[in-house]
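**Student:** Here's the letter readout for the chains.
Number of protein chains: 2
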Amino acid sequence: MSSNEIKIGAYLLERLVQLGTQSIQGVPGDFNMGFLDLIEDHPSLEWIGNSNELNAAYAADGYARIKRTISAVVTTFGVGELSALNGIAGSFSERLPVIHIVGVPSTAAQGAHSLLHHTLGDGRFSAFVNMSKEISADSAVLKQKEGVGEAIDRILVSAMKKARPVYLALPTDLVHATIPADALKTKLKYDAEPNDEAAEKYVLNVAKKHIEQAKSAVILVDACADRHGCIAETRELIEKSGLPVFATPMGKAIVDEDHPQYGGLYVGNLTSEKVKEVVEGADVLITVGSLKSDFNSGNFSYRTPKESTIELHSDYTTVGYSHYPGIGMKGLLPKLSAILQPDQARRLEETKTVVPKFQNALPSDSSDVISQEYLWPRMGRFFKEQDQVIVETGTSSFGMLEAKLPKNTRWVSQVLWGSIGWSVGATLGVALAARENKLGRTCLFVGDGSLQLTVQEIGTMIRHGLTPYLFVLNNDGYEIERQIHGPERKYNDIPPYDHSLMLDFFGDQKAGKREGKSHEKDMEPSKKQFYRVQGRKQLDELLESDEFAKPDRIRVVELMMERGDAPKALKRQAEATGTANKYE
Amino acid sequence: MSSNEIKIGAYLLERLVQLGTQSIQGVPGDFNMGFLDLIEDHPSLEWIGNSNELNAAYAADGYARIKRTISAVVTTFGVGELSALNGIAGSFSERLPVIHIVGVPSTAAQGAHSLLHHTLGDGRFSAFVNMSKEISADSAVLKQKEGVGEAIDRILVSAMKKARPVYLALPTDLVHATIPADALKTKLKYDAEPNDEAAEKYVLNVAKKHIEQAKSAVILVDACADRHGCIAETRELIEKSGLPVFATPMGKAIVDEDHPQYGGLYVGNLTSEKVKEVVEGADVLITVGSLKSDFNSGNFSYRTPKESTIELHSDYTTVGYSHYPGIGMKGLLPKLSAILQPDQARRLEETKTVVPKFQNALPSDSSDVISQEYLWPRMGRFFKEQDQVIVETGTSSFGMLEAKLPKNTRWVSQVLWGSIGWSVGATLGVALAARENKLGRTCLFVGDGSLQLTVQEIGTMIRHGLTPYLFVLNNDGYEIERQIHGPERKYNDIPPYDHSLMLDFFGDQKAGKREGKSHEKDMEPSKKQFYRVQGRKQLDELLESDEFAKPDRIRVVELMMERGDAPKALKRQAEATGTANKYE
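Going down the list, the sequences are from chains A and B.
In terms of my numbering, the first sequence has 396 at position 401, counting the first letter as 1, and numbering is strictly consecutive.
In terms of my numbering, the second sequence has 463 at position 468, counting the first letter as 1, and numbering is strictly consecutive.
Since the hints were made in silico from the structure, they are not lab data.
Among the hints, a few may not be true.
Each pair may be met inside one copy or between any two copies, as identical chains are not told apart.
[As the list claims (entries may be wrong)] EDC-like mimics (lysine to aspartate or glutamate), calculated; alpha carbons at most 20 Å apart, straight line:
1. Lys522 x Asp117
2. Lys523 x Asp493
3. Lys182 x Glu9
4. Lys523 x Asp499
5. Lys2 x Glu234
6. Lys182 x Asp251
7. Lys512 x Glu557
8. Lys485 x Glu519
9. Lys156 x Asp517
Chain A on its own, in the form it takes in the complex:
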């Protein structure tokens, strides 16, 4: 190959490195191993090697959340890629840029419609890409060398711009084929398109009038402020406007929760009375990156009328009933902040008087039971700045809403897609990203039910020497399901695991460093520790111990909790969901 030629697989990897990826998730398969060679030999990439493809996709999702860039997952044709789909669909739904790279049979074998293993046996090689298209922002099925660089660049830009997954089919015979490398000298551009100046000016004027005419206004921060790279702009809006600010469940911790203008979470009618008063009493509601799903909005129970709402999105804006396509928040936010600044001081005074204080208040009862009411504010006091807090869909994702998190904590939850088991895979990705970015501790909260779906990924964590805290809420089954339907039904039961054996099962102490050429460069596996915690006192002691606070090993903390107990917000949501299902 000439000096300015590069293998197609290597071209793709260089682009990923340029975008900030350092770890690649996936499972080996006979149609992707030629590509895995390139990853393993790459000086600045780490191949993770997950326990299965679904877990790999979950890990990629978690990794993208922390790195705030594209994440990659590699699978093999048919069998591998289909196992990953639920995870990829979750990244689509929750807006995370992920590239799903699928090693597929050689172009020759595909052209001949051969009856290969890993096929449907009917020669339809397009079936799997058709399936993935439903959950991808863009896709490319490589068929010859020509145009490959452009195709790779196009889908990577799509993923970054749209904050959605993309799909790449990479045939075995093209991985090591070469293409010109020149394009790599120019980095990919994926900034939001600038707004049309005249239109933007018009929208600003309308918004300004709206806010000036109002006696009161509040800001509501949601997930897409993060997903579309507008956190700095959102924080600026808060500072310069002096307005009260609240967050949705998906937007939690984007605003520092001890910010003087921050009043806590707003979730429609699931919200505390004090917060409801302020949010629903305001004349104008300014939402930033809103994603109004059922669980993110208290089953669509916002009270502010449409005509009093200003919505700022990545690629459109609404003011009352008026819709302005193409006016995105990346450009609009700084200008809106500037417009609002003159009244900052006055608004700030008002804000101080109305905003409720959000804090970790423990219940006053003297019981030693680790109740839901107790656990979450107690955990809130445990976290430190720069920690990662991952909550499983279930009691954890509802309960932890009630905990106040320190500044710069990363909140990782899956409120919209809500796939049980996601959090365990995601924790692997989060822990890898936190290690790469030198962030704080990684803490997972998962129920004994959800844990079972993806439990083997703990083996991958140990193998890579990761040291997350895994808090397992043992309440004898699927509690979120019991809250919605069938509290005494057997179908909400699970097999009882002995969690004390978990770390030693998934990381054989005795195997230690194994022999053989391929094991020479193995990482030192994690040290491990298990704790079974029966009551509040024991939990308190543990959380206050300096030794425990140091993330020098992987820890499983089994919290023995009562079946039937659930966070208040979940109880109310479950009732609404149960009613909407209309079984009778």
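Place chain B on chain A using the hints.
**Tutor:** Quick look at chain B alone, frame taken from chain A:
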């Protein structure tokens, strides 16, 4: 509801019961629990409650193989159903009738395109059914009561006739709505269409001439003889024709392997010389239910020319280059047998002289290492009539081909789809079916790599009191991948598990019978035993012990084997696959 009305969910269950289903696989989710109520309350159905949806789909696949009827898996909208797709696609590829029943949001919520949890967040409620259509023979998305009974009947008949999965979307508000029950009095008909008499007569004549003109002919039995319910007809053909018979990997054990006319496996150029001589030396090759995939045919290396081949399929026949659509083997086989019977005695004499003896020959070396060459014939001697033998894609599925199995052993492998991890889920389904049908023991052979993908399903086995033998080949990683590519690559490594802890981790002894109303009717969980086997002598002793032979507990037998060792057939196949991939 009037006396001849029945809930839609109950109608579906009655149809499944009529077809012979007794166990239903799946995972609870908020959109399917109204349906699970009906399953849990049904007097003759057992809800299994798998550890995740992929494992559930694998279990349904295994269950369908043993029961030889439709198997059901229940998931929830989006998150649940997508996790099952790889398993369902496997059943499509390998031709098993499975109904995937998905609990979906109420028709009202779907009509309003609500931004519900478990959706893609863009109102596309059709995305998931579109994905499933690619891997389904038929599907029904219920939208109103009218025509529901007919739709359910139609897809069940499609599944049975085509031996493929079908998809049913069941909205929450329709599960308990009622429809007329009268149709249930008539059982579903799914027999193969009778052949056109005149056309069939013509085909028989052509086939007869073909065979009469040949000096020698052989029969090759393949998977679809089983999948399309033609085992009795195939056995009759063998008896009445007196011809030599061989099997493909996917057709193994359909013909009793100690039948005097049986000569072993034919896998193109992966076959032993003796078998090749007879099969490739024959003037006519009669294939029954052929499925000529790469791994099932030694990479398409059959030597018999097309003009000398007679293919009998479920819905067409070929004789040489002539293709006869609509002439299916169910009707044709008995008539072909009758035509061949007059020459039976003469052919039988010849057959006896040419057919090689297929037997469990142990290697003659005195090593104590459990080599691949030793293991498979040794295991062949362990099995008894009516046992189930499940082999994972990998060294096991290639190795066990070399073992002679006793009469009426059920051979369970996934040669075409070849999804690693499938066998563990499938073992759950197989063990349930074997218990229901009062068959013999269930024996799984899986490598330490493949085991990790789906290992948690062992918890479900213990919970349901099942007692399979789980033979785990510990050879330090993905050996089949190492054979194909990258023998020293780290990407073929896996985290080392301590298999001695596996059963106690997934089935907490101390938890025992748990308290609470829902646990009152819990099954007694399995007794458990673990064995680590280091050498041949130890294995011998174990396999010869009467205590071990009795399936009164779930057993994990860890076989310590050497990395780099592989069955001969796999070595040859891996070479062919590696070459076809053309990485350089």
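**Student:** With reference to the structure, classify each hint as holding or not holding.
**Tutor:** Results for each hint:
1. Lys522 x Asp117: Neither way: Lys522 and Asp117 sit 49 Å apart in one copy and 44 Å across, limit 20 Å.
2. Lys523 x Asp493: both (16 Å within a copy, 14 Å between copies)
3. Lys182 x Glu9: within (10 Å within a copy, 61 Å between copies)
4. Lys523 x Asp499: Both. Shortest intra-copy (8 Å) and inter-copy (19 Å) distances satisfy the 20 Å Cα cut-off.
5. Lys2 x Glu234: So Lys2 and Glu234 fail the 20 Å test inside a copy (49 Å) and across (58 Å) alike.
6. Lys182 x Asp251: neither (32 Å within a copy, 65 Å between copies)
7. Lys512 x Glu557: Between copies only: 14 Å across, 49 Å inside.
8. Lys485 x Glu519: Between copies, since 14 Å is at most 20 Å while 42 Å is not.
9. Lys156 x Asp517: neither (37 Å within a copy, 52 Å between copies)
The structure shown violates the earlier hints numbered 1, 5, 6 and 9.
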